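Residue-level listing of the chains:
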Amino acid sequence: MSAGFHELEEAPPLMTSRLEGDLLEVSMGPQHPSTHGVFRMNVALEGEIVRKLKPVFGYLHRNHEKIGENTSYLGSMPYTDRLDYFCSMTNNWAYALSVEKLAGIEVPERAEYLRVILAELTRLQNHASLLGFLLSDMGAWGTPLMYAFREREKILDLFESLSGSRMMCDYMRFGGCRCDLPPGWMERARKLVDGFPRFLDEFEKLIVSNEILIARTQNVGSLSSELAINAGITGPMLRACGVNYDLRKVDGYGFYPRFKFRVPLGDHGDCYDRLMMRALEMRESIGILKQAMEQLPAGPIINPKVKLRAFKPPVGEVYGRIEGPKGELGFYLISDGSANPYRYRVRPPSFVNLTILEDLCLGHTVADVMVILGSIDIVMGEVDR
Amino acid sequence: MESLEEIKARAERAVPGAKITIVPNPGPANQPSLLLDNEHATAVVQFLRDDSELRLDHCSNATGVDWLDRKVSKKVKVKKVVEGEEKEVEETQEDLFPGYLEAVYHLYSMTHKHGPVVIRTRTKDRAEGARLPSLTPIYRSAEFQEREIFDLYGVRFDGHPDLRRILMWDEFVDYPMRKDYREPDDYEYEPTPHDEVLEKAKQHQSTRPELDGAEKLTARS
Amino acid sequence: MIGLGVLNGMAVTLRNFIGSYFIKERLITVQYPEERETLPENYRNFPFLIFDTDDVEKGLRCVACKICEKECPPQCIYIVKSEDKKPDYMGKSQFYPRVFDIDISVCMSCQICVEVCPFEAIKMDKVFELSRRERFDALLMRKEELAKPNTYYHNIHPLEAAEVDGKLAEAAEAKKKKT
Amino acid sequence: MSGQVDEGLRSELQKQGIWVTSTQELYNWGRRNSIWPLQFGLACCAIEMIATAASRYDLARFGGEVFRPSPRQADLMIVAGTVTKKMAPQIVRLYNQMPDPKYVISMGACAISGGPFKQGYNVLKGIDRYIPVDVYIPGCPPRPEALLHAFMELQRKIDGQKLTGEKKAPFLDRKQPSEFPVPAFGAHDLEPPANPDVFRPPVVERT
Numbered sequence: 001m002s003a004g005f006h007e008l009e010e011a012p013p014l015m016t017s018r019l020e021g022d023l024l025e026v027s028m029g030p031q032h033p034s035t036h037g038v039f040r041m042n043v044a045l046e047g048e049i050v051r052k053l054k055p056v057f058g059y060l061h062r063n064h065e066k067i068g069e070n071t072s073y074l075g076s077m078p079y080t081d082r083l084d085y086f087c088s089m090t091n092n093w094a095y096a097l098s099v100e101k102l103a104g105i106e107v108p109e110r111a112e113y114l115r116v117i118l119a120e121l122t123r124l125q126n127h128a129s130l131l132g133f134l135l136s137d138m139g140a141w142g143t144p145l146m147y148a149f150r151e152r153e154k155i156l157d158l159f160e161s162l163s164g165s166r167m168m169c170d171y172m173r174f175g176g177c178r179c180d181l182p183p184g185w186m187e188r189a190r191k192l193v194d195g196f197p198r199f200l201d202e203f204e205k206l207i208v209s210n211e212i213l214i215a216r217t218q219n220v221g222s223l224s225s226e227l228a229i230n231a232g233i234t235g236p237m238l239r240a241c242g243v244n245y246d247l248r249k250v251d252g253y254g255f256y257p258r259f260k261f262r263v264p265l266g267d268h269g270d271c272y273d274r275l276m277m278r279a280l281e282m283r284e285s286i287g288i289l290k291q292a293m294e295q296l297p298a299g300p301i302i303n304p305k306v307k308l309r310a311f312k313p314p315v316g317e318v319y320g321r322i323e324g325p326k327g328e329l330g331f332y333l334i335s336d337g338s339a340n341p342y343r344y345r346v347r348p349p350s351f352v353n354l355t356i357l358e359d360l361c362l363g364h365t366v367a368d369v370m371v372i373l374g375s376i377d378i379v380m381g382e383v384d385r
Numbered sequence: 386m387e388s389l390e391e392i393k394a395r396a397e398r399a400v401p402g403a404k405i406t407i408v409p410n411p412g413p414a415n416q417p418s419l420l421l422d423n424e425h426a427t428a429v430v431q432f433l434r435d436d437s438e439l440r441l442d443h444c445s446n447a448t449g450v451d452w453l454d455r456k457v458s459k460k461v462k463v464k465k466v467v468e469g470e471e472k473e474v475e476e477t478q479e480d481l482f483p484g485y486l487e488a489v490y491h492l493y494s495m496t497h498k499h500g501p502v503v504i505r506t507r508t509k510d511r512a513e514g515a516r517l518p519s520l521t522p523i524y525r526s527a528e529f530q531e532r533e534i535f536d537l538y539g540v541r542f543d544g545h546p547d548l549r550r551i552l553m554w555d556e557f558v559d560y561p562m563r564k565d566y567r568e569p570d571d572y573e574y575e576p577t578p579h580d581e582v583l584e585k586a587k588q589h590q591s592t593r594p595e596l597d598g599a600e601k602l603t604a605r606s
Numbered sequence: 607m608i609g610l611g612v613l614n615g616m617a618v619t620l621r622n623f624i625g626s627y628f629i630k631e632r633l634i635t636v637q638y639p640e641e642r643e644t645l646p647e648n649y650r651n652f653p654f655l656i657f658d659t660d661d662v663e664k665g666l667r668c669v670a671c672k673i674c675e676k677e678c679p680p681q682c683i684y685i686v687k688s689e690d691k692k693p694d695y696m697g698k699s700q701f702y703p704r705v706f707d708i709d710i711s712v713c714m715s716c717q718i719c720v721e722v723c724p725f726e727a728i729k730m731d732k733v734f735e736l737s738r739r740e741r742f743d744a745l746l747m748r749k750e751e752l753a754k755p756n757t758y759y760h761n762i763h764p765l766e767a768a769e770v771d772g773k774l775a776e777a778a779e780a781k782k783k784k785t
Numbered sequence: 786m787s788g789q790v791d792e793g794l795r796s797e798l799q800k801q802g803i804w805v806t807s808t809q810e811l812y813n814w815g816r817r818n819s820i821w822p823l824q825f826g827l828a829c830c831a832i833e834m835i836a837t838a839a840s841r842y843d844l845a846r847f848g849g850e851v852f853r854p855s856p857r858q859a860d861l862m863i864v865a866g867t868v869t870k871k872m873a874p875q876i877v878r879l880y881n882q883m884p885d886p887k888y889v890i891s892m893g894a895c896a897i898s899g900g901p902f903k904q905g906y907n908v909l910k911g912i913d914r915y916i917p918v919d920v921y922i923p924g925c926p927p928r929p930e931a932l933l934h935a936f937m938e939l940q941r942k943i944d945g946q947k948l949t950g951e952k953k954a955p956f957l958d959r960k961q962p963s964e965f966p967v968p969a970f971g972a973h974d975l976e977p978p979a980n981p982d983v984f985r986p987p988v989v990e991r992t
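Residue numbers (our numbering), protein chains in the order written: chain C, 1 to 385; chain R, 386 to 606; chain L, 607 to 785; chain P, 786 to 992.
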């Protein structure tokens, strides 16, 4: 063996014969079937009850921010796809929106409408696959996930025929979108949106009244609205606690004020509420999609004044944010007038939402940890960046 | 929401002794920020959060920024006596701005739905003096984000309950997001190098004498 | 009644199971190696170089301007510009890439090289069956492997290729008028 | 051995209802049609891996649907996603825990070479720095069909493995290592940054 490698680790001291009193320390992850990636938790258990839980991050720390500071503004756009790899369209939008704010770029009307449509489609597929994963974590192994992925594939097909890639769309550009809709796309999208409620009905029938699901989720991982606000929780998780804060309403970016939709709110802030929040949000998204598709105007899809190459925004800094499917996704950019951002920071919703993971899990059994983690809806690409 | 000047004035009245500076932000985004002094930062932020008109209860984003030592040279007209005559002579002056690390927080109000108010705190220098007051006791959401700033920038937050490395492993000693960070050398195989990578790949190849004089591209079995 | 919810859920799965025999929408499996879905027009995987006419050397549109090399976010393109000029298919004397390599083990299919290329010389391919047992040599694409004729481009992206050809013809026309 | 049975005779016999095979063929046939992958996802590519296992692409058609969460029961490790330096020791450990014969598919640009993230300080430039890889799939991320294609490529590889003789499969050779040393976390980088017994890059001279 060459130098520097681990020698055989010293054997741990023999276990004592005492059974009570000591906490059992368990390391869950990074290789675990239901940690949604390479997430690790150090859990201290008393019997089955969680007494302490410390999340360990960094197993997917891909230096997104450092790379963003070393590449041009345009060059970071494909990297944002890989942040939250379920929702590349909303990531693109958040980044494009921030740069547009930074450089004062106008976006044509048609492009904004397209962005809304694509963002809501992203929300649909994210929430659908989240429900599948969550049920998978609860022991409904396979079936709901298969159903969810069946619907997801349909949306991915739409993304693929529009942008050329199933997951890494890299579709938006500063001042608009990269290309216009291919022929026949709108009809396919309409068909999908019209057919989606049927899937939702079926899926809700599968889960909503299921006694096992109710037993596993109701009153599990309850979160108070005060703690949620203080801990910076955003997205469906915040609204499940009854706090009415949806950036689509608050900031009103991207023509959202033109659409009629309701913000579903929860009551208890437990896992069941968080789960249902997703189902309800999907219904609202379908409503937004229908309105946006009806109103979609003709016209250019990109601001012709924006240069593709050698794009240099003026000196300044900006924080732009949108309501991603997982919560508030923000980009903080500092420009020093050169072609690369001086500081490129992503405010990842699922990372901040994990802050209170320990508070939610304390006192519950170790099996509930997986359900609570699943209901937070994390994607490691975004948590660790 | 009231203007930044009003916020500043009210905060200075509420927290005696606090020194708040408004950092302008040119450009179309126009998000100027408040620079807080380290001694009174927590008190001022507490005021911002609890004041009934502001109620900035949502600390959305916390991040670090690294500013290296900068030399700014500017031309100054200086009156000088040259050959018995007073003349205006142009001279280049070099101003040295010592580097510092900065923590930036973006505060919003969920109650009143306004924001952002950007606040920033600065360290004394980039070495031993890289200490800042922690805002985690006021905003729970800063907990992991401040740990991240500590991990990647090396800012020590006083008052943080659990300041450890979060993304890198514990044995790691560098602060990789700093501008002067040098990454480890693993440029053995770079088939498409240019610019910086080319330089590094060349360096790497020159330090491996056993591979010198090899063919252009040979796959060794 | 306790258990009704579970039964409800089972009814859904039963309906899906039986439906999968009759309803096309529920039977979505693609029998991949035998049956292939047609890839959409816009599908992109890795870049390739276009040459006009039948001559690879002469017809290569690339003039080694190195813009794509510079703009490529993961830096997977490597170009060595020729020292001499060669007449291209239009008879105009041009530089050409002596070496043009793309490391597809790094490429992230972002299409930025295609967007920034002023000569319409690099486009996205649709081939995805590229699994190899070797990494170093097998996944580094040379100029010879990358160069593909314009007819191939027309084959895989018919609409886009027609548009590009129109643009090029227009530019050639405009140039003629100028001189 | 399969080489000893004449192909013409074999097909002639098959027509008569007699099926002739060799132990090696039977053994490899069984192995290649029941590859159990480790349920192990790292990043974006893992989602495509799940999509491959889901109903539309259906990895079960190739006998690979039994995703095992434990490395002790798995034959194949699909390294799907970016391997960071913090994760690399764990992956080597998982590989060491898998029983022989074991195979590795390196799925996607990141797992092969670090991919788009290779400039990062915490990104390992390819998992083949520490463990041997059987099949590489380029793409970011590869389509589910591309994973199926790699799966078939792996099946072909297994089919070609010999049980005896000079060129027998490495997992039958006692001299070939089946476990590889786990790198340690260093002050600046993993120590060592690559395992020279596994990772032998060619020299590319670029000016």
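Simulated from the structure, these hints should not be mistaken for laboratory data.
These figures come from a predicted structure and were not determined experimentally.
We treat Cβ as the ideally placed atom computed from N, Cα and C, and that holds for glycine.
Treat the hints with caution; some may be incorrect.
Restraint ranges, calculated between C-beta atoms of paired labels, are given here [as the list claims (entries may be wrong)]:
no.	chain 1	residue 1	chain 2	residue 2	range
1	R	D547	P	W814	51 to 57 Å
2	P	K952	L	K687	52 to 58 Å
3	C	G287	R	L481	58 to 64 Å
Each hint, compared with the structure:
For the hinted restraint 51 to 57 Å between D547 of chain R and W814 of chain P, the CB-CB distance of approximately 55 Å keeps it satisfied. The hint said 52 to 58 Å for the Cβ distance between K952 of chain P and K687 of chain L, and at roughly 45 Å that hint is violated. Look at G287 of chain C against L481 of chain R: about 59 Å separates their beta carbons, and that is inside 58 to 64 Å.
When each numbered hint is compared with the structure, a violation occurs for hint 2 only.
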